[in-house]
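Trainee: Listed here are the chains, written in short residue letters.
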Amino acid sequence: MKIVPFPGGEPGDAAVIAELEAALAGTDGPGAEAWRELSSDIRSMAPPIDREFERALRLRLAAPADAGAQTDSRRAAPASRARRWWSELALAPRLLSLGGAGALAALVIAILIVGPLAGSSSRSPVSAASPASVQSSAGGVERMKGLTREPAGSTPATAAGVLAPSPSPAPGASPERVQQLGAALTLAGSPEEVQTLADGVSRIVIAEGGFVASSQVQVEKGATNDATLVVSVPSGRLSRTLAALGRLGPVRAETQSLQDITSSYDSARRTLQDAVAERAALLRALAHATTQGEIESLHQRLGLAAGAIDRARSAFAQVSSQAANANLEVTVLGEAHPVGGGLSVARGLHDAGRVLTVALAAMLIGLAALLPLLLVGLAVALTLRALRRAARERALGGG
Amino acid sequence: VLALSAPRQDQAAAAFSFDELYKDSVADVHGYAISLLGDRASAEDVTALAFERLYRARDRLDLRRETPRALLFAIARNAALDELRRRRRQPQLLAEPDEAAGRDFDDTAALVERRETVRAALAGLTLREREIVLLKFHGQLTNAELGRVLAISETNAATRLHRALSRLREQCAEAGREEVA
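Protein chains in written order, with this note's numbering: chain D, 1 to 399; chain C, 1 to 181.
FYI, nobody ran anything at the bench for these hints, they're computed from the structure.
Worth double-checking, as some hints may not be accurate.
[What the hints assert, rightly or not] Only part of the chain D face toward chain C is listed, based on derived beta-carbon distances under 7 Å:
(1) L24
(2) S39
(3) D41
(4) I42
(5) R313
(6) A317
(7) R392
(8) A395
(9) L396
Cβ atoms here follow ideal geometry from the backbone N, Cα and C, with glycine treated the same way.
Please work from the sequences and hints to get the whole structure.
Mentor: Structure, rendered in structure tokens:
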């Protein structure tokens, strides 16, 4: 054998590698020619590539879609070779199916999470509307009573005050009759809005000439809050008051009731008229009395008549008050998902925000559920990669 | 001419020319594979596999980190090592090609002698040493590219290469001493 003038410096000289790099890059320098000769020697040991194989490979790469249909030297390859090719080609679909399964799992998780939430919000209007419709059909007879008045021509001007006719009486109201009006209203809002809504109700009632008879507001953090206000408003302003209250927030339920109290009203009025007439008659009789005994008797009867007038006036005032003022019970419900109230841009935006929030929450939960799986999958993939790499390196270790 | 039929043909073509890479590298990849594996069929398998994998991935290549040639040799190396694992047998160098034909007789005789010495020295290396030498000279890779292919640092690649070349030098010197003796 011939002694090879090995390029580079002494063994262990780090500059050898730099010389080799420069030589392979085409730079002239110490030992460059020798390095290139060594490179040529090593490269020349490999038999040249088969021209037929090279041509077939070029054709296959030029038309990869038809790779399976190509007629080339590989057609006669052993079955093991075909299997390896197939495994390569099947890698992409496998990855696709893996991704698809992951996406499907995320979708199922999202549906499982969003479904109940969406279902509850979609059922709410139905459940909310039902009580309202039931109360309306029942006429709300158990609710507060108010009174409206017959036409002004038949209205007695009494100490109880002037009875104003209702501009928009409840269904069934008759202008010829004295009627008692009542209403109940349920407003919905978020738990944080309960106090604000209750204050709004009070302001509107006072502005309409009414007053708050009783009020109960329950605000508790983390719970469903509510408020109940019993108010009295002039019967003639009931409809306007209800309309104003309806603008405070979504109306979950509204009932109006009417009770005819014409007979009670007429009875009280007649009793009062009778008492007044009796007193007038007694006074006339007193004017014509001549004896002491007659005078004393008339005085006694006048005293009794005065008492009767007071009682009759009080009874009439009570009935008149019923006619003049309508009692209204306002309930404010602070719920997490207020419903009803019709459609509006603000409500639409609110609902859209809720939908997006729920969707985001569902995505976060889905990701939280998938994250451990992804981490496990990643760890497995990294482990398999490391094992494969180690196995490949071991294949070199045998040499 | 190889056709890039993918939708991102222009982008890929702008990044590098697969056709040019094929022309420049197909013989080198085949030479590396056949030198490492020792038989033509396996070398053709590895060569075809490397080019087809790179062809399929050509639109996803991150050419800021790696050169196409280094990627090609990395794929070829993995495929070759998989083949070695599968066979679990030692590769044998094939017969020397008739590359010196047409040269002057004296030069040809000297060349054949020298190459025989290098062949013997190369055969005396471990498979790991031989592999890095083959990668370096068949792949014409820089040390940085060599590090990418071997999944090690550039410094580590240079160290390994230096060690392998030192061993090759020793083997050549040993062969020369035997000849003198």
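Trainee: Does the nearest C-beta of chain C fall within a distance shorter than 7 Å of the C-beta of L396(D)?
Mentor: holds (4 Å)
Trainee: Would the hint on A317(D) stand, with a C-beta cut-off of 7 Å toward chain C?
Mentor: violated (91 Å)
Trainee: Taking 7 Å as the limit, does the beta-carbon of L24(D) come near enough to a beta-carbon in chain C?
Mentor: holds (6 Å)
Trainee: Would you check whether A395(D) satisfies its interface hint, that is, whether its CB is within less than 7 Å of any CB in chain C?
Mentor: Holds, because the Cβ-Cβ distance from A395(D) to chain C comes to roughly 4 Å (cut-off 7 Å).
Trainee: Given a cut of 7 Å on the nearest C-beta pair, is the interface hint for R313(D) held or broken against chain C?
Mentor: Status violated, d = 97 Å.
Trainee: Was the hint right that S39(D) lines chain C, CB cutoff 7 Å?
Mentor: holds (5 Å)
Trainee: With chain C as the partner, please determine if R392(D) meets the hint condition of a C-beta pair closer than 7 Å.
Mentor: Nearest chain C Cβ about 4 Å off; hint holds.
Trainee: Can we keep the D41(D) interface hint, with Cβ of chain C closer than 7 Å?
Mentor: Since chain C brings a Cβ to about 5 Å from D41(D), closer than 7 Å, the hint holds.
Trainee: Does I42(D) pass the interface check with chain C, least Cβ-Cβ distance below 7 Å?
Mentor: Hint on I42(D): holds, closest Cβ of chain C at ~4 Å, below 7 Å.
Consistency note: the structure conflicts with the earlier hints numbered 5, 6.
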